[in-house]
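Peer 1: Each chain, written out:
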Amino acid sequence: MELADLAVGLLLSSISLSIFTYYTFWVIILPFVDSDHFIHKYFLPQDYAILVPVFAGVTLLSLLSVFIGMVMLKSKKKKA
Amino acid sequence: MKHIVKILSLLLAVSAFWIGLLQAAIIPPGYNTWLLPIYFVVSLGCYGLLMVGLGLMQFPTCPQEALLLQHDIAEAKDFFKHKGVDVGSD
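Protein chains in written order, with the numbering used here: chain A, 407 to 486; chain B, 8 to 97.
Next up, chain A with everything else stripped away, as it sits in the complex (with noise of 0.2 Å):
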C-alpha cells in the first residue's frame, strides 16, 4: 500500500464527504429549521447555496475547454 496513494486519497474522500455533508445540510435540513437557530451563523445565505456550486461548474467547463484549446493548438503546430 503506498503512503502517497493512501494519503492522497483519504484527503480526496475526506473532502468530498464534507462538501456532501455541508451541502446537504444547508439545502435540505436548514429550510426546516427556526430562523433564530444558531445553527444559522455557520451557513451562508441561501441564494449562494445556488451561486456557489454553478460558479465553480461554469469554471471548470471553462478551464476543460481551454486546457483542450491549447493542446489542439499544440498538435497543429507540431503537424505544420
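Hint data in this document are derived by calculation from the structure and do not stem from the laboratory.
Glycine included, every Cβ here is placed at the ideal spot set by N, Cα and C.
Accuracy of the hints is not assured; some may be wrong.
[What the hints assert, rightly or not] Footprint (simulated), chain B over chain A, 3 or more residues, beta carbon under 8 Å: (1) 422 to 435; (2) 455 to 463; (3) 470 to 480.
The hints should help you fit chain B onto chain A, whose structure is shown.
Peer 2: Just chain B, lined up with the frame of chain A:
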C-alpha cells in the same frame, strides 16, 4: 445520433417529472426551484470523487513484480542494443 436522442429524451423526462412535482406543491412554497436539481448534480460529483478516493486508497502495488519488471526491461534493452537496435534514452 440515437445516443443523443436517448440522452435528450431522458433529460426531458426528468424535467417533466420535476415540473410535475412542483405543480403538486409537495415542497414548501418558499423554496427556490433550482435548489434540488443542483443538489443532485453536486451530490453526483461528490459521489464520483469519493469513488476515486476510495479506489486510490485500495490500489494494490506489487513491489516484487515491479523489481522483476525493471530487471526484464534492462535485460531486453541490453539484448537489443547488442543486436544494433536503437533503444532510445534511459
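Peer 1: With a Cβ-Cβ cutoff of 8 Å, does the stretch 422 to 435 of chain A contain at least three residues near chain B?
Peer 2: holds (count 8)
Peer 1: Mind taking a look at whether chain B covers the stretch 455 to 463 of chain A? Criterion is 3 or more residues with CB to CB distance under 8 Å.
Peer 2: n = 5 at 8 Å, threshold three: holds.
Peer 1: Are 3 or more residues of the stretch 470 to 480 of chain A near chain B, judged by a Cβ distance of less than 8 Å?
Peer 2: With 0 residues in contact (Cβ-Cβ under 8 Å with chain B), the coverage given for the stretch 470 to 480 of chain A is violated.
Of the numbered hints stated above, the single one contradicted by the structure is hint 3.
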